Every structure is written in structure tokens, then in C-alpha cells.
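Trainee: Each chain is listed here by its residues.
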Amino acid sequence: MEELFKEYEDKIPAILLEELKSSIDKKTTKTQLKKMLEALYEEYLESMVEPGESVGIISAESIGEPSTQMTLNTFHFAGVAEMNVTMGLPRIIEILDARKNIKTPMMEVYLKEPYNKGKDIRKVAELIKETKMSDIIQEVSINILEATITVKLDRQKMKDLEVRDSSVKRAVEKQLKSGQVKIEGDEVLIKVKSKDDSLNDLYKLKEKMKSIYLKGVKGITQVLPVKRKDEFVIITAGSNLKDTFKLEFVDTERTTSNDIMEVYENLGIEAARAAIINEVYRVIESQGLNVDIRHIMLIADTMTASGSVKGITRYGVVSDKSSVLARASFETPIKHLINASLVGETDPLNSVIENVMLNQPIPVGTGLPGLITKVKK
Amino acid sequence: MAAKKKNTEPIKHSLIPEHKKLSEKEKKELLEKHGISVYELPNILASDPALRGMDVKPGDIIRIKRKSPTAGVTYAYRGVVNG
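Each protein sequence line maps, in turn, to chains A and B. Letter by letter, the first sequence follows residues 1 to 377 in the working numbering. Letter by letter, the second sequence follows residues 1001 to 1083 in the working numbering.
Label-pair ranges, simulated between beta-carbon atoms:
| hint | chain 1 | residue 1 | chain 2 | residue 2 | range |
| --- | --- | --- | --- | --- | --- |
| 1 | A | Glu173 | B | Gly1059 | 47 to 55 angstroms |
| 2 | B | Glu1032 | A | Thr68 | 44 to 52 angstroms |
| 3 | B | Arg1063 | A | Ile334 | 41 to 49 angstroms |
| 4 | B | Gly1072 | A | Thr313 | 31 to 39 angstroms |
| 5 | A | Phe5 | B | Arg1063 | 16 to 24 angstroms |
| 6 | A | Lys6 | B | Ser1023 | 19 to 27 angstroms |
| 7 | A | Pro363 | B | Lys1028 | 26 to 34 angstroms |
| 8 | A | Ile58 | B | Ser1023 | 36 to 44 angstroms |
| 9 | B | Glu1032 | A | Asp292 | 29 to 37 angstroms |
| 10 | A | Phe249 | B | Glu1009 | 16 to 24 angstroms |
| 11 | B | Leu1022 | A | Tyr315 | 28 to 36 angstroms |
Since the hints were derived computationally from the structure, they do not count as laboratory data. Note that the structure is a prediction, hence the values are computed from the model and not measured. Glycine is no exception: its CB is placed at the ideal position from the N, C-alpha and C atoms.
Hey, can you work out the whole structure from these sequences and the hints?
Mentor: Structure follows, in C-alpha cells:
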């Protein structure tokens, strides 16, 4: 029995073989199984897409049609414990364009044992969140005559966020790079080096001081512990996989981000492909629409085929097309035609769109195969 | 400061499927079976984080064991390119 299944391993997808395996019982004989496998193989071949089928156009239609029915607006959740996430069509456009800066970056941070059991979860979440100087400031005053800035610290907040005086002093000294820093009681005194600095500079320094980074993961503006099944997960607003992976209590195997470019930079092209599929499918599913996942897989494959993530834009996958006419038919036609004529490009007319333009048979379906004959001499 | 030692530990992550470098023999078999050259395959950059710790050079082929919701397990191939 087993060797029969082995024989068909290369021919039939694993999921179908598993299904067949679970549906046969002990009474099934070898010859019966052989027949079943043969019938399954035939059925599988029948169900395959035929060579020359224009799968790209079918995918485009299959995703394009339902997305016209999607809500154009992003939802705004007016809750305390809910974060605002870009969904719907804007999100899909964002993913397929492979934007570098997405509207609402988010991470799902999984934790290692025993941190994921819920004990001190708020404290752990607080460690991920970025703490800036402005978070622990109560009052700022500027002395123009002596060119000093006096910052009154919020002791209670400092205690909650576990920020110590010494670390504040070090951070201010290092990141401000101007003047002396002294801590006296609840106040931080910043003395500017030269007195002839203009008033404008002093105010600029004050603003700069507010954004001094103290601790946590850079870019994380909000944290929210959520219970998933029997463990706690921290959802964050803002994304920074690289620095989050460095924290010792983070489960680096499951922590993910919704920022495709970040996934690509930290985990590679295959992870980016998987992330694109997951993210697009999640949006479509959340809108109650039904699109076959194979269409999304095709898009993800196209976007990642070059080894780096490229968006479906005139700068991304379209710019890689070899045909001038195909590029010109997408966006900014004049630019493409002028550039092509300047360098003397040739167009081999191998693809679909340029042949449509020239009113020729397109290489799709029955137009694909050519005829080769041997000419007698 | 001395140069930091490069981290060569492969990354384990739920999003990264298994990557495996094909041997010369497997590579030849694959290319012959499909009648293609390495450069017709989808690419993967040699600097890709998922290839960390593997000894790859441009021209190699990486076999990727993907989990697919429609077929269970599928194998995909990517040719290594500079970058």
C-alpha cells in the first residue's frame, strides 16, 4: 500500500493523497487502490489549468470585481481597547503597490514562556513601547537670559515606566549634544554652550529635547495585550521587527508584522510572499467576499519573482516588461516612447498587449503554439 | 572596536518555509526535466535573510518547500542571483 502512495507522490498533490489515505479502510485491496489512484490522477490532470490560459487576466478580473464592492472608507473603531487599522480597498492598494511607508503599521508580538501566561503582561508590553522624553515631562521652562532649559520631571510616570535619573541624564547628554546637563531634584537643567545662540535655536532645542529616545522599541507608539486562545499576545501600533527580535522575552518564531517591506528585509523573499498572501486574503475575507486564494498567490508570485518585492506600479513590475509598447500602454506612455526611441529599443512583440495594439493574433490559448515546418531544398 | 562576528545562525520563523540548496546533480536533473536555464527561474538574492548560514553563490538553485492551502505541500524553485 505505502509504496503505491509513494509512486504517486510526485504526480498528485499531497493534500489529495492524504484525503484518499484517510478515506480507505483495511478491506481495500491493492488493485482497488491502484485503480483509485489512477482515477484520481486522471481527475487531477483534468482539473489543471490548460497551457496558454491567460491566468493573469482571470486573476485581475477575479480580484478587481469584488474589490469594487468593498467599502472605500477605513473603519474607525471608537473603542478604548481597539486600534485603528487600514482595511478595505486602501489596504489592498497599499499592499499591491508595495509601499515603503504604510498607513497603519502593526505587529503581533508573541511571547516566550512564561511571559505569555498573563502575569505582569502590562509591564512586558510597556517594555516594548517606545518611551520618549515628552512622556515623563511635567513642565518645561526656558530662561532666555541664561540660555537654559529647565525640565520638570513627572516622578510618578517615571516610576511607572521604570526610567531612572541616570539614564535620563545619559540620554539627554548623548542625543542633544549641546551644553551641560544637570539633575537637581525633580528638575533637569540644560545649559546651552554659548550664550549668543539665538532665541530661535533655544526653542528648537526644546522641541528636540522632547523627542529624545529613552527606552523601548523605536517606532512603537501603542501597545495592547490581547488574549489569544490560552496565551497573551501583544498587538502594537507601529512596527519594528528588527529591534523587537532582539528582546529576550519575544518569541521570534511567530512574531509578525503587517508591513510587507519590513518582513522582506528581516525574513526574506519567501516570507514576504507568504505575508502578501496572508494580508490580502485577510482583507478580502474580512469584507465577506470570496476570492480564490490561487489568484492572490499568482499576484504574490509576480511581485516577488525578481528576488525583491516589487509593486504593481509603473516603477515596479511594469518597468520590468521587455516590450516598450506594453510599458507605454500602462502609464505615462509618452515618457516610455521617447526614452525608447532615444536609445533605439526594439520590440520583439512577444507578449499580449503589444499584439492587441498592432491587431495581430495574441499568444494566448490557441494563439500560443507556432508552426514549424522543414522546407525542402 | 573589532569587527562584529557575522551571525550565521539560520532564522527560524513561521513565515519562512524550508530552503534547501540543490546539489549539482539535482540541479541538472531539474533543468533538464523542464528544459530551462537557471535564469528563467524566479530569483532569490544571495543576501536574502532566509539563506543566512547557507553557502550559496549566484547560479545555485534553492528548493523551497511551501505549505499551500490548496495542495498541501508544493515545491518551488528559485535561482540565486547577486545582490
